[in-house]
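Listed below are the residues making up each chain.
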Amino acid sequence: MNRISSQLVITLVLFFAVWFALSRVDWIDVLNIEHINKTTEEKLGEFFWDIIKQTEKEIQDHDIELSIDSILSRICDSNHIEKDNITLHLVEKDEVNAFALPGNHLVLYRGLILATDDEAALCGVICHEIAHMEKNHVMKKLVKEIGLSVIISMAGGNTGSETMKEALKLLSSTAYDRNLEKEADLLAVEYLINSKVDPEPLAEFLYDISGDESSMEKRLSWISTHPASKERAEYIIDCCKGKPTEYVPILSKETWEGLRENLSTY
Amino acid sequence: MINIKEFAYTPGEHEAEKAANSYIMSVVALVGGLPLPIINLIATLAFYAGNRKGTYYVRWHCTQALLSQFSLLLMNSCGFWWTIAILFGPETITNKYIAYIFTIIIYNLIEFVATIYTAMKTGKGKHVEWWLYGNLTNLICKP
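These protein sequences, in sequence, are chains A and B.
Following the working numbering, the numbering of the first sequence begins with 1 at its first residue and continues without gaps.
Following the working numbering, the numbering of the second sequence begins with 1 at its first residue and continues without gaps.
In isolation and in its complexed conformation, chain A is listed as follows (with noise of 0.2 Å):
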């Protein structure tokens, strides 16, 4: 019995010391799975950025890109995100809503711009998207609900347009599930403090807008598939505390003004 007890114990050590020196590996670097799972990425975004051309307007006005490109400069730059990496789609859409597609892709609707009433409210909603890029929370999603085996087979153009057009729904107008909304609440705080922007604008559209998501449930997609935006709200002040308050405008009052005029033209 003694015998049989430490062959076992030998074998089961054997075992695990076998699977231990091959993790030391980094395989991930080794078989070049960073690079596949980016080819894919890119070309998932690639392709549900043509099923939305399809049906909306892409707002192609230099002026409003120029502001939101100094908001996505400034985030980029504070927190050492390679801005290059991002593609921001402007869309003409009332609906307030604001989305990460796969590869980067950062899609803002007309909408909630208009609906933002401070600089800072709309860098909180860009912050929070990048952190969901940046963390990976898109791919995480799309695996989640629809599968690996789906995402590999899309990549690779073999998947209906039907298909596509579910798995863009769930990733423009679904909630991630609660702890990475949550992640990318609390990373978002953090990616504004660093760019010297007063996180507490965010906290109060969040607030404003729960307050009036019976009424404008349609059109408030963002808030209203982000669960709990009161509770969402107070995690975020909460976490402000004790923070530095020294912060810096990115665009004067006046191209603010111009940016929010300009769209509303739209």
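Any given hint could be a false lead.
Covered by chain A, according to a simulated footprint, are these stretches of chain B (three or more residues, beta-carbon under 8 Å) [said to hold, decoys possible]: (1) 59-66; (2) 102-115.
Just the calculated beta-carbon pair ranges, DEER-fashion [stated by the list, open to error]: (3) A:183 with B:131: 39 to 49 Å; (4) A:32 with B:53: 53 to 63 Å; (5) A:15 with B:55: 29 to 39 Å; (6) A:12 with B:3: 48 to 58 Å; (7) B:42 with A:238: 51 to 61 Å; (8) B:117 with A:169: 51 to 61 Å; (9) A:92 with B:31: 18 to 28 Å; (10) B:109 with A:32: 18 to 28 Å; (11) B:42 with A:87: 47 to 57 Å; (12) A:254 with B:92: 14 to 24 Å; (13) A:257 with B:81: 55 to 65 Å; (14) A:136 with B:81: 15 to 25 Å; (15) B:117 with A:10: 29 to 39 Å.
No lab work stands behind these hints, which were simulated from the structure alone.
Ideal placement from N, C-alpha and C gives every residue a C-beta, glycine not left out.
Let chain A serve as the given structure and place chain B on it in line with the hints.
Chain B in isolation, oriented as in the chain A frame:
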């Protein structure tokens, strides 16, 4: 790891062939049902059930073949469900996962080669006892 030992008696030709078949059964089932780790265990279990009233030599080797399949079942099941969680669930591919898959491939290959070797030797009437499983079989299987 694998020892050729003296058995309690010299098995007859028919007995040796039946004992060898218990190993061949697990190998064939392993190849046939590769993605599903339970298949080879079911096949070996069925063969064991069919021979549990056989001679001591046949029973002994059926038991050793069956026991060896249990450990493979455990290892392969973990790998199988881990893969399912990556394909359809929230898990992602990590170095640990890839290392685990390589580890079970190594163990499966070792077991595969050992099983074929044992089947050949057993077929010739030689008594082959495996590391750990041989002792376990001696404990379970009595004349």
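Checklist entry - What hints, given by number in increasing order, does this structure fail? => result 1, 6, 9, 12, 15
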